[in-house]
Amino acid sequence: QKEVEQDPGPLSVPEGAIVSLNCTYSNSAFQYFMWYRQYSRKGPELLMYTYSSGNKEDGRFTAQVDKSSKYISLFIRDSQPSDSATYLCAFLDGSSNTGKLIFGQGTTLQVKP
Amino acid sequence: GAGVSQSPSNKVTEKGKDVELRCDPISGHTALYWYRQSLGQGLEFLIYFQGNSAPDKSGLPSDRFSAERTGGSVSTLTIQRTQQEDSAVYLCASSFQGASGELFFGEGSRLTVL
Numbered sequence: 001q002k003e004v005e006q007d008p009g010p011l012s013v014p015e016g017a018i019v020s021l022n023c024t025y026s027n028s029a030f031q032y033f034m035w036y037r038q039y040s041r042k043g044p045e046l047l048m049y050t051y052s053s054g055n056k057e058d059g060r061f062t063a064q065v066d067k068s069s070k071y072i073s074l075f076i077r078d079s080q081p082s083d084s085a086t087y088l089c090a091f092l093d094g095s096s097n098t099g100k101l102i103f104g105q106g107t108t109l110q111v112k113p
Numbered sequence: 001g002a003g004v005s006q007s008p009s010n011k012v013t014e015k016g017k018d019v020e021l022r023c024d025p026i027s028g029h030t031a032l033y034w035y036r037q038s039l040g041q042g043l044e045f046l047i048y049f050q051g052n053s054a055p056d057k058s059g060l061p062s063d064r065f066s067a068e069r070t071g072g073s074v075s076t077l078t079i080q081r082t083q084q085e086d087s088a089v090y091l092c093a094s095s096f097q098g099a100s101g102e103l104f105f106g107e108g109s110r111l112t113v114l
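If you read the sequences in order, they're chains A and B.
Residue numbers in the first sequence follow my numbering, run continuously in steps of one, and reach 113 at the last position.
Residue numbers in the second sequence follow my numbering, run continuously in steps of one, and reach 114 at the last position.
The hints are simulated quantities; they were obtained by calculation from the structure and are not laboratory data.
Hints should not be assumed to be uniformly reliable.
Each computed BS3-like pair below joins lysine-lysine, with the alpha-carbon atoms no more than 25 Å apart [what the hints assert, rightly or not]: (1) B:K11 x B:K57; (2) A:K67 x A:K2; (3) A:K42 x A:K112; (4) B:K11 x A:K42; (5) A:K70 x A:K56; (6) B:K57 x A:K2.
Quantities reported herein were computed from a predicted structural model and do not represent experimental measurements.
Given these sequences and hints, build the entire structure.
Written as structure tokens, this is what we have:
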């Protein structure tokens, strides 16, 4: 079983749709949860960061963590063509002193005008 | 520059040749990471530096891969006797001291082995 499972998509939605991106994980030591966004031929950039179960909102983006189910989600409201990118979930072991992240496979999202 | 800089941006080489990929991290960032991104495979951790030391090199796939960091700054990833399966985008990231989970990535070096 992989440590992290993420549906690679691709996912295609019309502009204005609500998008749900999901990851499951198996390592109970993961205590910090992140979403990175990667535009084509660019490096990933940090989008959302959370360390507790529940929801965290930032503008049109909401990160949700359910530690009991080992499941995290990213919701995008009122999606825009500029949101078209690959979204990677990432995890950090709570006992890590290296900051080494474990990434999901990435979900490619296309938002059509 | 303000961000992580990687060179070359693209490299095409023949099987069996050696290649060197360079990373210049954000000034003041002591932690440096190399990841590999293959088509549809996500980011695969290769090696972590703190200063000039590499306390975690567990992701290097074989002894053909090596990396060094000098002056607590620039890092070079070397792949010897390249194979076709080495074709991928090699991403470098840096972080202030590490352990925070916030990594700043370069745009990557795209390696194609013919």
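Hint check results:
| no. | hint | result |
| --- | --- | --- |
| 1 | B:K11 x B:K57 | holds (24 Å) |
| 2 | A:K67 x A:K2 | holds (17 Å) |
| 3 | A:K42 x A:K112 | holds (21 Å) |
| 4 | B:K11 x A:K42 | holds (16 Å) |
| 5 | A:K70 x A:K56 | holds (17 Å) |
| 6 | B:K57 x A:K2 | holds (20 Å) |
Going through the hint list in order, the structure satisfies each hint without exception.
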